[in-house]
Every structure is written in C-alpha cells, then in structure tokens.
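> In case you want the letters, here they are:
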Amino acid sequence: MRSRAAWSPAVHFILALAALVMIVPLVWIILTAFKERNEVFSQVPQWLPAQPTFGNFFGVLDAMPFWQYYWNTIVVAFGLLALQLVTVTLAAYAFARMEFWGRDVLFILLLVQLMIAPQSTVVQNYITVTRLGLLDTKLAIMAPYLASAYGTFLLRQTFKGIPKELEEAAALDGCGGIRFLLHVAIPLALPGYLAFGLVSITYHWNEFFWPLVVTETTQSRTLTLGLGIFAQTAEGSADWTMLMAMTLMVIAVPLVVFLIFQRRFINSFMQSGLGG
Amino acid sequence: MKRMAWMVIAVLLLAAPAWAGTTIKFYYPVHLTGPLVKEVEAIVAEFHKAKPEVKVEPVWGGTYPENMQKTVAAIQAGSPPDVAIHLAVDLVTLRDMDAVIPLDDYVQRDGGSEKVLGDFIPAFVSDLRAEGKVWALPFQRSTPILYINKELFRKAGLDPGKPPTTWDELLATAQKATVRNPQGQVTTWGLTIPDDIWLLMCFIYQNGGRTSSPDFKKVYLGEPEAIGAVQFWADMANKHKVMPRHRTFPQGVQDFAAGNTAMLIHSTGNLRFVNDSAKFEWATAFLPKNKKQAVPIGGAGFYIFKKAPKEKQDAAWEFAKFATSPEMQARWNIGSGYIATRKSAFELPVMKEYTTKLPQALVARDQLPYGLPEMSTHDNWKMRNVFITTFQEILDEKYTPEAGMKKAQAEIEKILAPFQK
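Those protein sequences? They're chains A and B, same order as listed.
By the numbering used here, the letter at position 193 of the first sequence is numbered 294, and the numbering carries on one by one without gaps.
By the numbering used here, the letter at position 194 of the second sequence is numbered 197, and the numbering carries on one by one without gaps.
Because the hints were derived from the structure by calculation, they are not lab data.
It is possible that part of the hints are untrue.
Partner residues aside, some chain A positions facing chain B, computed with beta carbon under 10 Å [unchecked claim]:
#1 Ala197
#2 Thr231
#3 Leu236
#4 Asp237
#5 Arg322
Only a predicted model underlies this, so the values are computations on that prediction, with no experimental measurement involved.
Glycine included, every Cβ here is placed at the ideal spot set by N, Cα and C.
Turn these sequences into a full structure, and let the hints steer you where they fit.
Next comes the structure, spelled out in structure tokens:
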C-alpha cells in the first residue's frame, strides 16, 4: 500500500499526459468546426476561432442528404450487429460445446477468414451481391459481414470459459440445449458480447470502401461516404472546417453511446482479455 | 362523359412512351473537395431541364482510383454504368477490358470531327485518342502550374513580377527565397513540389525526354533525359535543400496557403482553393523550361460503355456533349478551377468576368499549347506504383537517380512483357 501511494502522483501525471494526448485532437476538431475556412491555414496555429460560426454545420446539411445518411448508417451498423449476434452466438456455441465431425477443421477454416484482407474480396463480393439482386441496398453493405469470424472466435472463447458442471447442473434442472444457451450462457457471456458489439459498431460506422463500391443512391449510402466528399482529395486540400463540423456530427452517436456504457465497456474489455 | 374518359386514357397511353424516356447511370469521381459534388449535380440538373426525356442518375465514386475500382468491379459483375468519368490514362485499361466504345460514329453523325471536336482545346483531346479513334469527351482537365507567393518574394528581395522561366532561375530563386533560422533549419521553403510522378513528368519533358510510347507498351525511364530530370529534382531537395523531399498533393497546397513556401508547383485544379484560402497576394506562371517548354496534361473524360443498350448510349452521348458544352464548361471552370476544355468557353461573359477577377486562371489555359499527354501504359496503376515508389526511394537517397531509374525501367518492362506482341 505504501509503495503504491508513493508512486501514485507520478502515475497520475503520466495518465493525465496520456489523456491530454487523446483529448487534444477532439478539442481541435471542435474548435476547427467553428472556424471560417481561411482561418485554418496560418503559420502560427490559432486555437480559438476568431469569429465562431455555425456556417460549416449548415454547409454540411446543405451539401448532402445528411439525415438520410445518418439513418442509413444506424440501420446498417445496428441492424448488422443484430443479425451478427444470431449467427455468431449459434456458431460460437456449436464450436465451443458440441462434438461433431470436422469441427476443428471447420473452426480453423473460419479463422483463416480473419487473415484475408477484406479489400481482396471486393470484386467477388460485388459479383455475389449483384447476382443476389442486392446492389445498392443497405443489405448489400451488410451481406459480407453477416457471419463474423472475429465474433465467433471471441464468443467461442467466452463460452468455453463457462464450467461444464454448470451446463450439467442446468440440464438436470431441465434447462438444456437452446434454453441453456438463452438463460445461462448468453447472460454469462455478456462482457464478450459488449466487446464484440463495440468493435462491430465502430468498424461498420467507419467503413468506407465497400459501401462506396456497392451503393449508388441516397437510399443506401452511409455517413462515411458523405464525409468522403470533404476528405477524399488526392489532388487538392481537404475542406477542413466542413470536414471537422461533419466529423463532430458523425461521431456524436458513437460518442454518446460510449459515454453511457463507458464503465461496462471497460470492464468487458478487461474480462474478455482484449485491449484496444 | 364516359367516352371522354376513355379518350383521355387512350391519349395518355399513347403519350406514355415519349414521356417514359431513358435513365442512364453515371459514375463520377471528385478529386477535389466538397462543393464539386454540388457542381456535378448542378450540371445534371441543367441537363434535365434541357432534355427532360433523359434522366441521369449521378453516382459519386470517390477519387479517381476509387471510382475506377468501382467501375471495374461493376464491369466484372456484368453491370457497368452507362457513362462515367475516368482519367485519360485509364483509357488503356478500359480498352483492355473491352468495356468502352469509340465515339467516332457519334462524331460523324453530329457533323464531323471539326464541328464536334474542333472547339475543344487540342491537347485535351489528344490523350483521349487511340488507334485513330476518339474514346472520350474531355472533362475535369488540369495541368501543373507554378504558384508564387508575392509577399515572400518581396521579403526575399525578389521581383514578384518576374517569376523564374528556366531551371537555373528556378533553383536560384528557390535558393534566395529559402529562409533558415540561426540553427540552420528551414523556416520557409523556396519551392515545394509534391513528390508525384505526374509532376516529375514535367521535368522529364522539359529536359527533352519522353515517358511512354503511343502504343502504351514501352517506357523510357532509363534514358539520360529522364535521369537528368530526376537528378535536378533530387539535387534541389538533397544538395541545395531548397525544397522538402516529400509532400503529398494536399500537404503541398496547404503549405502554400499557410505561407510556408515561396513557390509551389501544383495542379491548376487548386486555383479555387488557393483563392479561397490564401491571405496574401499570389500569382501563377508557366512552369520554367530547360531544353524546352513543356507540361503534362492530366484529367479525365466522359466514357460511354459498350454493354449499355443503344438508346442508353445515345442518351449518354447527349449528356456528355451537354456537360462539355461551352456554357457548362465555363460554369465548371468557375466552380472548380479546372480548366474549361473548350476555347469558346473563355469568350462567354461569365468567363470574362471570372478571368478579369482572377487572371491567374488564364495562365493555365495559355500554357496548354505546350501540353503533352500524361505517361500511360497497359496495367497503368501497377506501372505508376513501381515508378512512384522508386522515385521516392531515390529522394531518400536509397538509390542514385541513375540506378533508381534503371531499376524502375527494368521492373516496368517486366509488367509490360505480357503486352508485347
């Protein structure tokens, strides 16, 4: 206890420094979002906007069907998570608890999927989605991710951690099979689900290239594509003030969700043994 | 009354086909930010007013390479767009995939080459030709130009009215304009050039060199002129230290807007951005020459796809013609900074007003007679990748210019081997 108290100010200092490193970009985003366009470039960086303006926010709303994109993104990210939870739970449970022929080979095949860069399968996936008649739909954005190898792997490990005796005891009480899964296994695996949910939501909230390729109209396009209008510039400069205003609006939902569930998220990551 | 109703229905039914019209799908990239998506959509809206029987569905496809990947995926899935904007240098790839049609039949139908294509600035059509046919209508075109920060020129005791016109003057000016602090670190660069091969092509051409063959099968990077151009560039960065080794396109133009560099060689497509962002007096000038005056042209054109049914191709042609009309080109130039692709666009009142206010824009056009097609080969993106990686390694002094360029030449020859017949 004593030694801990002794180095605690130093630890606090380091943590505060780390927090500062994390917070500065966010503050910079917020301040830039309220600046005039030609305030961004100056030899001496200006922290505070000279004349704070909401113009950038209105500019964003004017440049694209923003709310439609927001709705699409919510449907894609959360809808996909809902579907993933079903496939991932059943697959993970089968791999963790059931004995069947070829199980380990199948599991390794599934893990191989983790090693393949999604970019390399774009054309094949595009062809599949087109043949299914899903081109330019929200479902097309979700389709390649419906079965998540990462989620299956994560939950299999969590399910494996549930003692065998518990399952036997539950079975004795008439709570076997799918009922055990629903009433015992899933509640016990909650930290794993939270971890997976967080990763899945952030990944699909931020995904750019696949939605760009597979969607064409306002009905199915997502926020990142809207952001891209301001940021994707190979030849010129990004439109920083608009970009920052929109970034602020785009990260609002994940940020609020995170703040609400903050403690749970952190606990879940510690329990599932996965950082970052 | 009943008869009346039937007649009305009959008339409506007869009229229906004329109103139904054609819908075409149009993929376009935007290489610069924000407002340009609106500008493209505005052109589409104008077209709908002029030709209500055709409906264009514009689809933003990201940057040039992203838009190209989108089109390639769509071609492979058998559902390409009807019309799309792609780079002039993508022509080879699109033809290798047999995905686009030559436009000569349409040109003939509408009155011949002189009438349809004569008003376009010749350099912009030259790189859309292959095997004696024309494959696209030029759009979103640019060339590199020299941007000058007049205030930094004055501070360095240079005459902002006299931009450098030769390589020697470019180096001398950059040396004078580079400001170092007492520790010897550079605080203001004399010159900034993004380390991209499009801009390197300027120097190769100016040095009397060549890049690729007209049949897209050969490159000439190991030749002394090309090596000399790289040597000059590398010396400015490493020996004289008057320009940074590496800058991306966005970093380059942002540095200029922030007043961190006295000169910048960059795309004309940034005129609007610089005009909106710079808080100092600035000017543009021709690129300096060495053995000759030269500049590579860049940018894109409207391609029409082979798989589209005839009536969609017809509609796509009408749309491409409309978007490249003088009025639309003037509008596009003013909105974006990209050079209008038609001579007569510059005679329109709106354009006269714009160029009076922003005479820097005329420099870009006036430099075009010295325009040469951008380097382009089969398997173009792979070739570019090898070239740019090697070029950056040369700047990092991993290779000498000679060794590096010969290595790039050898690697690209391997990429092009399957296309030699």
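> For each hint, tell me whether it holds in the structure or not.
Now for the hints, and whether the structure bears them out:
The interface hint given for Ala197 of chain A is broken, as the beta carbon of that residue sits about 37 Å from the closest beta carbon of chain B, more than 10 Å. For the restraint placing Thr231 of chain A at the interface with chain B, the shortest Cβ-Cβ distance is roughly 4 Å, inside the 10 Å limit, so the hint holds. Interface restraint check for Leu236 of chain A: the shortest CB-CB distance to chain B comes to about 7 Å, inside 10 Å, so the restraint holds. Among the interface hints, the one on Asp237 of chain A holds; its C-beta lies about 9 Å from the nearest C-beta in chain B, closer than the 10 Å criterion.
Among the interface hints, the one on Arg322 of chain A holds; its C-beta lies about 9 Å from the nearest C-beta in chain B, closer than the 10 Å criterion.
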